[in-house]
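J.: Read top to bottom, the protein sequences are chains A and B. The numbers in the working numbering rise by one with no breaks, and the one at position 306 of the first sequence is 327. The numbers in the working numbering rise by one with no breaks, and the one at position 200 of the second sequence is 634.
Honestly, I wouldn't trust all of these hints.
Selected chain B positions facing chain A (in silico; Cβ < 10 Å) [what the hints assert, rightly or not]: (1) ALA473; (2) ASP630; (3) ASP632; (4) GLY643; (5) ILE648; (6) HIS651; (7) THR668; (8) GLU676; (9) GLY678; (10) ASN693; (11) LYS696; (12) GLU701.
If you want the footprint, here are the derived chain A segments under chain B, 3+ residues with CB under 8 Å [claimed, not checked]: (13) 72 to 80; (14) 187 to 199; (15) 280 to 286; (16) 343 to 349.
Just so you know, the hints here were simulated from the structure itself, not pulled from any lab data. Beta carbons are placed, not taken as given, at the ideal position from N, Cα and C, and that holds for glycine.
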Amino acid sequence: MTDVTAPTDDLKFVQRIRRDYSPLVIAMVGLFVVIFVAGAVFTDDFLTWFNIKTIIRDAALVGIMAIGLTFVTLSGNFFLLSMKEIAALSIICFATLMGADWNQWGAGEGDPTTSALVMTFSVAFLATMIIATIAGAAQGALIGLGGNPIVVTLGAAGLFFGIGSWWSDNLVVSYRRPHGAEWLGTGSFIGDIPNITVAFIIIAVVAELTLRYTTFGRQVYLVGANRAAGRATGHENFGMAIKCCIIASVCAAFVAVAFSGQVSSAHVNYFSSEFGSSGDMTIMVIAIVMVGGNSIMGGYGSTLRTSLGAIFISTVDNMMVLNGFNSGARVLAVGLMIVFSIIVFALVRRGSRAVE
Amino acid sequence: MTTLKKALRIVAIAGVASVVSTTAIAQSIVSFNGPAGEAYIGRFIKGIKETAALKGYDIKVFENQFNQAEQDQQVQQVLAAGVLPDVFIWWPSDAVAGLGSLRALAKTGVPVLKINQLPNEQDKQYIFGYAGPDDRLRARNAGYMMREAAAAKKAAGGDGFNVLVLSYPHSYGGYGLSINAFKEAIAGSDLNIIGDVDEGFGQANGYKGAAKAIAAHRDEGIHFVYGMDDAILTGGIKALEEAGYKMGDDVVAVGTVCNGDKQLIEEGKQFGTTLQSPLHEGQLAIKMVEEYLKTGELENYINFTPNPAVTATNMETVALRGFDGKLYGIDELCSGAWGG
Numbered sequence: 022m023t024d025v026t027a028p029t030d031d032l033k034f035v036q037r038i039r040r041d042y043s044p045l046v047i048a049m050v051g052l053f054v055v056i057f058v059a060g061a062v063f064t065d066d067f068l069t070w071f072n073i074k075t076i077i078r079d080a081a082l083v084g085i086m087a088i089g090l091t092f093v094t095l096s097g098n099f100f101l102l103s104m105k106e107i108a109a110l111s112i113i114c115f116a117t118l119m120g121a122d123w124n125q126w127g128a129g130e131g132d133p134t135t136s137a138l139v140m141t142f143s144v145a146f147l148a149t150m151i152i153a154t155i156a157g158a159a160q161g162a163l164i165g166l167g168g169n170p171i172v173v174t175l176g177a178a179g180l181f182f183g184i185g186s187w188w189s190d191n192l193v194v195s196y197r198r199p200h201g202a203e204w205l206g207t208g209s210f211i212g213d214i215p216n217i218t219v220a221f222i223i224i225a226v227v228a229e230l231t232l233r234y235t236t237f238g239r240q241v242y243l244v245g246a247n248r249a250a251g252r253a254t255g256h257e258n259f260g261m262a263i264k265c266c267i268i269a270s271v272c273a274a275f276v277a278v279a280f281s282g283q284v285s286s287a288h289v290n291y292f293s294s295e296f297g298s299s300g301d302m303t304i305m306v307i308a309i310v311m312v313g314g315n316s317i318m319g320g321y322g323s324t325l326r327t328s329l330g331a332i333f334i335s336t337v338d339n340m341m342v343l344n345g346f347n348s349g350a351r352v353l354a355v356g357l358m359i360v361f362s363i364i365v366f367a368l369v370r371r372g373s374r375a376v377e
Numbered sequence: 435m436t437t438l439k440k441a442l443r444i445v446a447i448a449g450v451a452s453v454v455s456t457t458a459i460a461q462s463i464v465s466f467n468g469p470a471g472e473a474y475i476g477r478f479i480k481g482i483k484e485t486a487a488l489k490g491y492d493i494k495v496f497e498n499q500f501n502q503a504e505q506d507q508q509v510q511q512v513l514a515a516g517v518l519p520d521v522f523i524w525w526p527s528d529a530v531a532g533l534g535s536l537r538a539l540a541k542t543g544v545p546v547l548k549i550n551q552l553p554n555e556q557d558k559q560y561i562f563g564y565a566g567p568d569d570r571l572r573a574r575n576a577g578y579m580m581r582e583a584a585a586a587k588k589a590a591g592g593d594g595f596n597v598l599v600l601s602y603p604h605s606y607g608g609y610g611l612s613i614n615a616f617k618e619a620i621a622g623s624d625l626n627i628i629g630d631v632d633e634g635f636g637q638a639n640g641y642k643g644a645a646k647a648i649a650a651h652r653d654e655g656i657h658f659v660y661g662m663d664d665a666i667l668t669g670g671i672k673a674l675e676e677a678g679y680k681m682g683d684d685v686v687a688v689g690t691v692c693n694g695d696k697q698l699i700e701e702g703k704q705f706g707t708t709l710q711s712p713l714h715e716g717q718l719a720i721k722m723v724e725e726y727l728k729t730g731e732l733e734n735y736i737n738f739t740p741n742p743a744v745t746a747t748n749m750e751t752v753a754l755r756g757f758d759g760k761l762y763g764i765d766e767l768c769s770g771a772w773g774g
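Extracted from the complex, chain A is given alone in its bound form (with noise of 0.2 Å):
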């Protein structure tokens, strides 16, 4: 005998959404799905491999740097105002060392060895990476006693900014190639697929099992949701903002390195104008972990979302621009996007609270 009141799963999922989205968020989200399905069918060559690999490459840098952001934004700490200016001193850094003299690794006349390439990326690449953990590590613990984030990173935005001026005197740094990060900057060891996707997607991994199933994770959220109740649970904000704060500051400074190894070269302007529609690298992460759907206001989110946001960002842009449109239509069209994305989440998330 067969069950006929059973819904079928499809049923189900259609059920569910009707249950737990009103229909003003239904109505928005499905013209967004039938005019994007639209879009992405009618684009010619955008359903193509190369160009899903160009969206998910577009959107890696600008995506790594969000998903560090977002580990502060969950844990109730706001945004790193000074991103772009971590970027920069770890690019001057970086590309001041990978400049140093490769011989003194062994190396003779001519092209340097392997070994000796290695060694000058393994030095430069840990020097930056110490130096973006005391950045974050200095704005973590600034928050953490009490500081305003907007003031506290504003006003280390203009200290790393002036370090890295002052450093490189205002110039470009260059090195030559053959040099130890050009594997990171273009290389690619999984077939055609470009390792700093790789790292993107690898990172993103990280990232979201770390928020899901470590201990520590779950404290982000918790310090995020209720600072009170974390702190009762003995899971201080100024250990957590210091964390979260190291966290994004290593992946500004990663981010750093692999553009540095895509241009052999550096200069304190690069994440200030070369990033984005709006030119602005720290406006772009920030937007991107909008568009993720996370809580300005913490303990809610997840790096998940955000690197679908820059994915999603990219992907607006790229369709545009196989569709002819020039920067100020795409401008315009992904600050669309950012509100669009803001006013469906606000609405998904009182929606949800008023059926909790």
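Using the hints, position chain B against chain A.
T.: Frame of chain A; chain B shown alone:
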């Protein structure tokens, strides 16, 4: 005692007179421009400061962060201070939005030299001349270089002459001048523009723009790439290499401004570029100021910096004599990863 007082008074009067006379003799310049933190402008500021010092002018430089509102405020501060220089140097962040400030500067009666952005119909009446680069000339020279490369390819039996353009943002004033001059230069040749992408300034945007354009045009074939400046082109070359193109063989790249990566030309990955020296631009500005202060006018209203073509064959020999009399090699003249 009286004699001592008299002597001291004489010394004091002589000292004051000497300061006053020195102040009266040293002519002064105030320059409004972008930030030294930007590599090109940093070299420009070095050029105007060193040359002004050489010529005996006092110079004050007001930097803005590519922000017309900030620059407008700086203008108001200088005017409010009441101590006017002998010449203003005006590099607007936005020539149209900054027209009010330019008018305010001109109303003081102090002559104004506009630099870097060509005069337009609105601001011509407020300036005594222009010194700076010629967007059209450098784009034209890039076009001629590409024609030369295309002709060589054809002579060698090669085919495929599709051109991808990596542009400035289309809203930027230099875009129209550059693309029109480039099109004029390649007109009548086998070269055919198939795409024009304007992701933004700099290497990262050049990379991103090129990556998307490759996705759109790889089926048609991309054989030549024109970068509106070398920084953009450098990013574009990386994207092409990642997509499997062999630069120099599959694709010929030509840029301008020499603010990218010298090693790309050495390695044959970039066919050529055009010289545009910020140091020279700064020196030219002071030269024009000197000419105006001496004669009350400029021999030429428009004064361009030279934009010669630079390729692997002449890279080591290209040099310019600066307006300070010194001979500068290409590493000192160019910016970006050229040594500047």
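J.: When the structure is checked against the list of hints, which entries are broken? Sort them ascending.
T.: No hint contradicted; all consistent.
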